[in-house]
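Those protein sequences? They're chains A and B, same order as listed.
If you count the first sequence from 1, you need to add 10 to reach our numbering.
If you count the second sequence from 1, you need to add 17 to reach our numbering.
No lab work stands behind these hints: they were computed from the structure.
Ideal Cβ placement from N, Cα and C applies to all residues, glycine included.
Do not rely on the hints blindly, as some may be mistaken.
As the list claims (entries may be wrong) - Where chain A lies over chain B, by a calculated footprint (3+ residues, C-beta under 8 Å):
(1) 42 to 50
(2) 82 to 91
(3) 147 to 155
One-letter residues, chain by chain:
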Amino acid sequence: MAETLDQIFVALKTWLVSFAPGQWQPLVSAVISVAAIIGTFASLFALTTVLERKGLGRIQNRYGPNRVGPYGILQPLADGVKALTKEDVVPRKADRVVHFLAPLVLVVPVFLALAVLPVGRNMVAVDLDAGLLFFFAVGAVTELSVFMAGWSSRNKYSLLGAMRAIAQMISYEVPLILSSVTVVMLAGTLSTVEIVEQQAVYTHGLADWNVFTPWGSAGFILFMIAAAAESNRSPFDLPEGESELIAGYYIEYSGFKFALFFLGEYIGMFAISGLGITLFLGGWSAPFAFLSGIPSYLWFFAKLMGLIAVFIWVRGTLPRLRMDQLMNFAWKFMLPMALVNLVVAGLWRFLPGGVTRWVICSAVVVGAYLALGRAVSGRAGPARRSYRFAD
Amino acid sequence: MSVTLCILAILILGGAGAAMALPRLIHCALALALSMAGLAGLYLQMNAQFVGFAQALVYIGAVAILIVFAILLTGGEGTAEVGRFYGSWRMGVGIALGVLGVLGLAVLSSRALAGQAVPVPEAQVREIGDLLMTDYVLALEVIGLLLTAALLGAVILAMPSASARTGSATHPAKDQDA
Numbered sequence: 011m012a013e014t015l016d017q018i019f020v021a022l023k024t025w026l027v028s029f030a031p032g033q034w035q036p037l038v039s040a041v042i043s044v045a046a047i048i049g050t051f052a053s054l055f056a057l058t059t060v061l062e063r064k065g066l067g068r069i070q071n072r073y074g075p076n077r078v079g080p081y082g083i084l085q086p087l088a089d090g091v092k093a094l095t096k097e098d099v100v101p102r103k104a105d106r107v108v109h110f111l112a113p114l115v116l117v118v119p120v121f122l123a124l125a126v127l128p129v130g131r132n133m134v135a136v137d138l139d140a141g142l143l144f145f146f147a148v149g150a151v152t153e154l155s156v157f158m159a160g161w162s163s164r165n166k167y168s169l170l171g172a173m174r175a176i177a178q179m180i181s182y183e184v185p186l187i188l189s190s191v192t193v194v195m196l197a198g199t200l201s202t203v204e205i206v207e208q209q210a211v212y213t214h215g216l217a218d219w220n221v222f223t224p225w226g227s228a229g230f231i232l233f234m235i236a237a238a239a240e241s242n243r244s245p246f247d248l249p250e251g252e253s254e255l256i257a258g259y260y261i262e263y264s265g266f267k268f269a270l271f272f273l274g275e276y277i278g279m280f281a282i283s284g285l286g287i288t289l290f291l292g293g294w295s296a297p298f299a300f301l302s303g304i305p306s307y308l309w310f311f312a313k314l315m316g317l318i319a320v321f322i323w324v325r326g327t328l329p330r331l332r333m334d335q336l337m338n339f340a341w342k343f344m345l346p347m348a349l350v351n352l353v354v355a356g357l358w359r360f361l362p363g364g365v366t367r368w369v370i371c372s373a374v375v376v377g378a379y380l381a382l383g384r385a386v387s388g389r390a391g392p393a394r395r396s397y398r399f400a401d
Numbered sequence: 018m019s020v021t022l023c024i025l026a027i028l029i030l031g032g033a034g035a036a037m038a039l040p041r042l043i044h045c046a047l048a049l050a051l052s053m054a055g056l057a058g059l060y061l062q063m064n065a066q067f068v069g070f071a072q073a074l075v076y077i078g079a080v081a082i083l084i085v086f087a088i089l090l091t092g093g094e095g096t097a098e099v100g101r102f103y104g105s106w107r108m109g110v111g112i113a114l115g116v117l118g119v120l121g122l123a124v125l126s127s128r129a130l131a132g133q134a135v136p137v138p139e140a141q142v143r144e145i146g147d148l149l150m151t152d153y154v155l156a157l158e159v160i161g162l163l164l165t166a167a168l169l170g171a172v173i174l175a176m177p178s179a180s181a182r183t184g185s186a187t188h189p190a191k192d193q194d195a
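Full structure from sequences and hints, please.
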């Protein structure tokens, strides 16, 4: 029963494909996968917008949207109608072609990136041998779209936003990729499907997730910080800081093009969180052996919603960084920490298993964290901070 | 000649042509990025997944961004006043012919043209990694050293000189804790 429920979508797809004539079957299969990805993640986007506004509202001690539908759950519908019917304003001086193309260049790659994420057992759109590399390759294209949007608008705020965005994305892509490399080193493959399958084994009832190792937990934290920066989420939302740049690179976009940017940002967040889940949190596998009866796709989406909740929480809690803090953090803390983590992953691979391996690896990670943190902050140790206006 | 090859060829050649011919420098850079994306597609069509994705990652994600950044920072985004073709076009044609000759020789001497059926290499990433770590380890190390040197050079270029540093005594990070 659990097996049937787990594979119900796979069976459904096989059943649907069997109606198509022979030579059309690969095409039909691809179209079904694409439709499933777009449908699922676009509705998840709609759900997340309202959840985020309600969550932020609760953090800020107010209600959030509660007028459209029960508990305001139909708010995205109203937002969608509003975005579709709004006038599409293009600045007179704007570069029309590039201005039109920029939202598309953002949305298409982020949806492509979802194709290599295994959302359940046997549920991946394309199982590529170099799946992880594919993810980063299509992710790189989004940087170009941000630049296109900022430059073509002919607005100094949008250009400033684009410059900030590109500087930030390039800086944080380094620790992002370096922290994923640890997983590749230990798994010995770039295929996302295989990486998840290696984590879906159980020792003493506990899953072998990468996050349960010293290098994995350090790598996961580094990865998620870099992921927040890559998807321009708070506290790394300088490129679109409302109080500084109004809305950054998409200031001159209105109506549905703005909605596309919004969609692209959220889908990008889902994609990169999904990759974090795939690399460190065991993808679709259950944390404990006795829970593996629950369908695999439910696990994946539960973890995804959990990570998104953390993103919303962080957005409601932390203030925005300053540009120099952002760069210092990326190059002086994240990058050395990611490099140290690579060494730790190597140690983990070659030291004999057991308690000593745990102690040595954890010691290196924690020691590097303390040393780097003190070096970057310029303080000798934890001390009472004094605030100019708060004391 | 498959349909995908035709589409990719149009993308690559059209992008390259536009990169040469368009009046605005930023448009040229974007057209170049399009051409590089086409090249990545071409590698993918030849079953070279790793090379194709690396092409997209490096050339679109890094090189194209670097080009547009350089254009913006140097303020050269306006339309060029000088003609679209420089006076040294004869030299350009000469170099292009030379490159065409070398590439043509390479293509003509390849086994594919001689009618020998070459088995389609199904290059797995693991095999590429193995080769890089065994047969080509020296080349890999040399490239790594070169890139590290370039990185250090960039850091030294970006560092403020000693006189400039003493001039700006109030560092923003220090200022905050006061």
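**Request:** Please flag the earlier hints that this structure goes against, numbers listed from lowest up.
**Result:** 3
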